[in-house]
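Colleague: Numbering (the working numbering), first residue to last: 0 to 139.
Simulated from the structure, these hints should not be mistaken for lab results. In this text the structure is predicted, and so the values were computed from the model without any measurement. By construction, the Cβ of each residue, glycine as well, lies at the ideal position given by its N, Cα and C atoms. Be aware that a few hints might be false.
[Stated by the list, open to error] DSSO-like, lysine-lysine: derived pairs with alpha carbons at most 27 Å apart:
| id | residue 1 | residue 2 |
| --- | --- | --- |
| 1 | Lys119 | Lys69 |
| 2 | Lys135 | Lys86 |
| 3 | Lys119 | Lys6 |
| 4 | Lys34 | Lys119 |
| 5 | Lys135 | Lys119 |
| 6 | Lys34 | Lys135 |
| 7 | Lys86 | Lys69 |
| 8 | Lys6 | Lys135 |
| 9 | Lys86 | Lys34 |
| 10 | Lys135 | Lys69 |
[Said to hold, decoys possible] Derived DEER-like restraints, expressed as beta-carbon distance ranges:
| id | residue 1 | residue 2 | range |
| --- | --- | --- | --- |
| 11 | Ser95 | Ile73 | 34 to 42 Å |
| 12 | Ser125 | Asn38 | 17 to 25 Å |
| 13 | Lys6 | Lys86 | 29 to 37 Å |
| 14 | Phe81 | Glu51 | 16 to 24 Å |
| 15 | Pro16 | Glu109 | 24 to 32 Å |
| 16 | Glu28 | Glu76 | 19 to 27 Å |
| 17 | Leu50 | Ser123 | 18 to 26 Å |
| 18 | Leu88 | Pro16 | 17 to 25 Å |
| 19 | Pro15 | Ile82 | 17 to 25 Å |
| 20 | Leu136 | Leu88 | 16 to 24 Å |
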Amino acid sequence: MDPSEYKVTDLIPQRPPMIMIDRLVHAGETTAGGKLLINTANTFCHDGHLLEAGLMEFIAQTAAAWTGFKQLSIGQEVRLGFIGSVKNLVVFSLPSVDTEIESELVLDSELLGYTIITGKIFQSGSLLAECEMRIKLEGR
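Throw the hints in and build the complete structure from the sequences for me.
Modeller: Written out as structure tokens, the structure is:
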């Protein structure tokens, strides 16, 4: 099944107003991608822009949707995950409201129950932000 065939709320444990991904557009073995249309009601918007915390949460929720998709694909329930750490966060630009951003994630490794990813956010082909994130799933 294609990840875009799922409602994003089926893939992630978050609920409004904390949903920071509109759809998972790609979910491979080692890569994933998502999209988010930024609107003025977004919790992480201020002065017409999505803040740094919103960018990090978009990466985290893309990872959550990716993991949820993999879990549902093998008949498991979607589990809650937690950000363990964020390293090397670089923000080049903050996106404006009423624009769409895209995430690209790469699985770096899985170690001691943590999933380590590199996440990047793009808008119209320009890199807006990137970081390394360690994520721990509940029960692992």
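Colleague: All hints are to be evaluated individually against the structure, with a verdict given for each.
Modeller: Now for the hints, and whether the structure bears them out:
Between lysine 119 and lysine 69 the CA atoms are separated by roughly 20 Å; this keeps the pair inside 27 Å, and the hint holds. Simply put, lysine 135 and lysine 86 have alpha-carbon atoms about 15 Å apart, close enough for the 27 Å limit, and the pair holds. Pair hint lysine 119 plus lysine 6 holds up; C-alpha atoms about 23 Å apart against a cutoff of 27 Å. Distance restraint check for lysine 34 and lysine 119: the Cα-Cα separation of roughly 12 Å lies within the 27 Å cut-off, and the hinted pair is therefore satisfied.
A threshold of 27 Å between alpha carbons decides the hint, and for lysine 135 with lysine 119 the separation of about 19 Å falls inside it, so the pair holds. The suggested pairing of lysine 34 with lysine 135 holds, with an alpha-carbon distance near 23 Å, which does not exceed 27 Å. Straight-line distance between C-alpha atoms of lysine 86 and lysine 69 comes to about 25 Å, which keeps the hinted pair within the 27 Å bound. Straight-line distance between C-alpha atoms of lysine 6 and lysine 135 comes to about 23 Å, which keeps the hinted pair within the 27 Å bound.
A threshold of 27 Å between alpha carbons decides the hint, and for lysine 86 with lysine 34 the separation of about 22 Å falls inside it, so the pair holds. The suggested pairing of lysine 135 with lysine 69 holds, with an alpha-carbon distance near 15 Å, which does not exceed 27 Å. For the pair serine 95 and isoleucine 73, the beta carbons lie near 39 Å from each other, so the given range of 34 to 42 Å is met. At roughly 20 Å, the beta carbons of serine 125 and asparagine 38 sit within the given window of 17 to 25 Å.
At about 32 Å, the CB distance of lysine 6 to lysine 86 agrees with the hint of 29 to 37 Å. At roughly 19 Å, the beta-carbon separation of phenylalanine 81 and glutamate 51 lies within the given 16 to 24 Å, and the hint holds. Remark: the range hint 24 to 32 Å for proline 16 to glutamate 109 is upheld by a beta-carbon distance near 31 Å. At roughly 21 Å, the beta carbons of glutamate 28 and glutamate 76 sit within the given window of 19 to 27 Å.
For leucine 50 and serine 123, the Cβ-Cβ distance of about 20 Å falls inside the hinted range of 18 to 26 Å, so the restraint holds. Roughly 23 Å separates the CB atoms of leucine 88 and proline 16, a value that falls within the hinted 17 to 25 Å. About 20 Å separates the C-beta atoms of proline 15 and isoleucine 82, a value consistent with the hinted range of 17 to 25 Å. Distance hint check for leucine 136 and leucine 88: the Cβ-Cβ separation is about 22 Å, which falls inside the suggested range of 16 to 24 Å.
When each numbered hint is compared with the structure, no violation occurs for any of them.
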